[in-house]
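Asker: In order, the protein sequence lines correspond to chains R and L.
Just so it is clear: in the first sequence, position 699 is 699 by this note's numbering, and no numbers are missing.
Just so it is clear: in the second sequence, position 21 is 21 by this note's numbering, and no numbers are missing.
In case anyone wonders, no lab produced these hints; they're calculated from the structure.
The hints are all genuine.
Cut-off 27 Å, straight-line C-alpha distance, at most; resulting in silico cross-link-like pairs (DSS-like, lysine-lysine):
#1 R:LYS106 x R:LYS171
#2 L:LYS57 x R:LYS33
#3 R:LYS22 x L:LYS94
#4 R:LYS147 x R:LYS312
#5 R:LYS444 x R:LYS456
#6 R:LYS22 x L:LYS146
#7 L:LYS32 x R:LYS33
#8 L:LYS146 x R:LYS33
#9 L:LYS14 x R:LYS33
#10 R:LYS33 x L:LYS94
Letter by letter, the chains look like this.
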Amino acid sequence: MKDEVTRDERVSNLKGLGCSRKRVEDARFTQGKGNYIDDMNLPGTLTGDFVRSPYAHARIKSINIDAAMALDGVVAVLTAKDLEPLGLHWMPTLAGDKQMVLADGKVLFQGQEVAFVVASDRYIASDAVELVEVEYEELPVIVDPFKSMQSDVVLREDLDPKAPGAHGPRKHHNHIFTWEVGDEEGTNAVIDDADIVAEESMYYHRTHPCPLEPCGCVASMDKVNGKLTLWGTFQAPHVVRTVASLLSGIEEHNIRVVSPDIGGGFGNKVGVYPGYICSIVASIVTGVPVKWVEDRMENLMSTAFARDYWMKGKISATKEGKITGLHCHVTADHGAFDACADPTKFPAGFMNICTGSYDIPIAYLGVDGVYTNKAPGGVSYRCSFRVTEAVYFIERMIEVLAIEMDMDAAELRRINFIKKEQFPYNSALGWEYDSGDYHTAWDKALKAVDYDGLRKEQAERVAAFKRGETRTIMGIGLSFFTEIVGAGPVKNCDILGMGMFDSCEIRIHPTGSAVARLGTISQGQGHATTFAQILASEIGISAESITIEEGDTDTAPYGLGTYGSRSTPVAGAAAAMAGRKIRAKAQMIAAYLLEVHDDDVEFDVDRFVIKGAPERFKTMGEIAYAAYNQAIPGLEPGLEAVSYYDPPNMTYPFGAYVCVMDIDVDTGVPTINRFYALDDCGTRINPMVIEGQIHGGLTEALAVALGQEIAYDDMGNHKNATLMDFFLPTAWEVPNYETDFTVTPSPHHPIGAKGVGESPHVGGVPCFSNAVQDAFRPFGNRHTNMPHDHWRIWKTANDLGMHD
Amino acid sequence: MTKQIVSMTVNGEKKEVLAEPRELLIYVLREKMGMKGPHVGCETSHCGACTVEIDGKSVKSCTMFAAQAQGAQITTIEGLGSPDNLHVLQENFKEHHGLQCGYCTPGMITRAHRLLIENPNPTEEDIRFGIAGNICRCTGYQNIVKSILSAAAEINAAKEAAQ
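Given only the sequences and the hints, what does the whole structure look like? Please build it.
Answerer: Structural data, given as structure tokens:
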């Protein structure tokens with residue numbers, strides 16, 4: 001028998017937890033062999049394309065499809081009238097509202113889907129779109145949510161103005177919901193009596209996730225076997241299957257939904273869009289596959305936007321800087337239909353984590369949702385359910401409070417952090433934070449950047465600026481965030497009523513390799529690499545021998561998909577739990593093979609050994625073979641397990657970020673000289689993948705803070721519907737980031753992992769914004785709204801008299 | 001619309017297709033020649049996912065008519081390496097985690113390939129400027145820049161060794 005490899009070598013061969021394993025996905029992507037939705041080419045596929053509304057609010061007087069239908073190659077033109085007999089002209093949204101699939105009587109936002117053309121190729125479909133004649137009668141347009149609440153104009157004529165909405169009574173015919181958490185009376189009393197109170201209003205502008213691959217699908221109805229197959233850019237394929245079944249009446253077992261490779265999601269691909277429904281209908285009508293892939297302009301105009309929160313805050317403190325209370329009110333512009341991706345019990349998502357990382361004894365949050373003539377949606381763009389808005393709000397309120405008290409903002413944070421010994425911590429707004437060690441992280445971050453030195457440098461620069469020796473000023477952006485991820489416990493998190501558990505099913509093959517299928521779907525996060533690492537450590541089979549499959553509802557167990565950093569906290573936990581079931585059976589097999597009692601063997605890396613006699617063992621490979629080839633008394637053959645994991649709580653990763661920025665006050669151009677990001681996501685599965693996620697999330701944060709905005713004019717015209725006008729940073733604008741970490745495992749997650757993908761975005765936006773605003777603080781700035789593009793930065797300098 | 005025959009050399013192979021004058025090169029490459037590498041991200045030349053090399057230049061194939069490529073030499077990501085013999089850039093993107101969702105990757109690598117021919121010893125700044133026509137939404141570019149720098153070093157080392 002050949003020499004035994006050492007234990008260290010066995011650990012290394014596993015490529016399990018903590019190893020920067022190279023990604024298995026990359027072989028196909030680097031060679032152009034990915035399989036994205038537009039790569040699907042089934043024989044005879046027809047192309048679908050939309051006629052869209054040029055107006056933001058208009059009544060449709062007539063639609064004439066004759067000229068379009070007369071064009072060679074046009075197979076069908078669907079309007080709301082065609083969908084109505086099927087009950088498909090309206091669809092439920094994720095937020096309990098309903099949305100027009102094709103404009104029914106009137107249009108409510110520019111770019112709204114009015115008719116669906118089906119043709120033999122993309123060029124003919126485009127020609128036919130031009131030939132559909134729609135007569136509109138323009139109606140008054142409302143783009144401001146505050147005006148909407150005063151206006152006599154009824155946007156949603158389909159709703160009874162007096163009837164309650166999905167989340168309780170409505171105050172006005174353009175009002176969607178009021179959502180309140182916390183103790184308003186108590187909070188007001190504390191704030192009224194406080195030594196210090198800082199107030200601020202801020203607008204978190206409307207933006208868009210804008211994944212590089214737009215949304216699309218291929219629907220194929222096989223009339224021979226009655227099966228509908230839907231391939232598409234779906235972040236939650238099983239939910240799409242359920243919705244497709246409920247809408248179409250086709251039984252769920254006759255629907256197969258497949259998410260192939262997805263070119264980025266960031267929340268944009270969670271919802272169900274009219275293109276999916278129309279493609280399904282068109283395939284049922286024509287009996288051939290129908291493909292719909294939107295272009296970039298359609299993506300920016302009509303698929304789910306993000307943010308658009310008008311936030312008003314009051315924060316109170318003692319003279320020493322201890323925060324005593326927090327009051328927040330939000331006016332949320334949800335556009336024409338409330339299609340927010342939020343658990344239905346939280347109509348404004350996790351905005352109620354707006355107390356952030358601080359021990360705030362009493363707080364109140366109120367949110368009013370409002371309809372306007374803008375595109376619907378409201379996705380959690382690289383964030384879980386509005387935590388981005390919450391963290392921006394509290395991190396701005398801290399800065400404003402520091403200004404009010406003439407205090408250092410880093411010190412103000414330190415005084416108010418929840419202490420390590422307070423975890424698990426119950427927040428004033430009802431969450432239980434699982435674990436944290438904020439002071440250690442903050443001290444490490446400030447030390448790493450030489451915070452005191454930076455402040456001295458900044459003071460010298462201010463003096464030099466005032467002496468007229470320089471035209472650049474320096475900003476130090478701070479943010480400390482606590483995330484709320486891992487949606488989530490079925491008791492309080494759902495999509496369309498489906499509880500948000502997740503799942504993993506593992507089959508070990510006789511030769512000791514395995515396949516594991518999960519209810520999630522990667523959009524670039526590298527699941528095929530990292531989930532195999534979790535399983536390698538749990539089961540003792542090398543990650544190289546484990547295939548991970550996701551995204552095919554015919555094979556994967558039911559799961560709620562990938563968004564809100566929930567894959568690791570929920571599906572990752574399901575994988576670990578399924579792995580433990582495998583291991584429990586393997587232990588019995590090993591004990592039988594070694595002729596000892598179950599309790600006499602223990603797991604060691606890749607085998608079971610007899611306690612006290614490590615030379616007597618059975619490897620997982622031997623155990624797998626025996627499971628299929630040997631009759632073991634009391635055990636079924638085979639080695640398989642499935643776990644549906646309902647997490648007991650969310651996970652709460654956190655982080656400390658510092659941005660050092662120069663600003664040219666004459667051009668308004670910011671230059672990022674340094675960005676330090678410390679993340680604590682609990683147990684680290686693959687450090688390389690984590691770092692990559694942090695770089696990407698920070699870059700999307702930079703975009704949002706420094707330039708990206710979906711803007712409308714007063715007529716509801718969309719002003720940024722191409723990449724010419726919508727800022728996506730290139731390599732030229734983006735700095736190198738320094739990453740760092742601490743590890744505070746989640747006490748309730750099987751492997752202690754918390755999730756990380758959206759943390760850098762959530763923490764990054766306030767950090768970039770604070771850097772800009774901090775640069776102007778010595779010149780009298782209190783708060784300016786994002787996005788801090790060159791014009792707005794220049795204007796801030798101008799308003800502060802710095803150009804005089 | 002009247003179609004015409006367009007001939008071009010794609011990844012070393014002579015190809016002839018029947019295309020309308022208005023057909024964009026990207027769709028002809030993807031749908032008539034079976035290239036899945038070049039992707040469509042914006043159709044306005046901003047994102048670079050459709051980047052291919054035409055007669056020695058990096059070109060956004062989403063804003064060029066196929067008819068304009070008559071007689072051209074075109075290289076797509078499919079022409080850079082094979083599964084058994086990856087291009088050094090493909091190797092380095094894998095090694096340095098220079099991609100996540102992979103949608104920008106073929107265009108990014110194709111552009112980087114031409115960049116390194118134009119400038120075999122690029123600085124980090126040269127690379128950042130040189131790939132500024134290719135947008136990535138996932139990586140934040142840091143590892144892409146690292147991948148290209150590392151590939152340049154490897155190519156240069158191989159050249160030196162050969163001399």
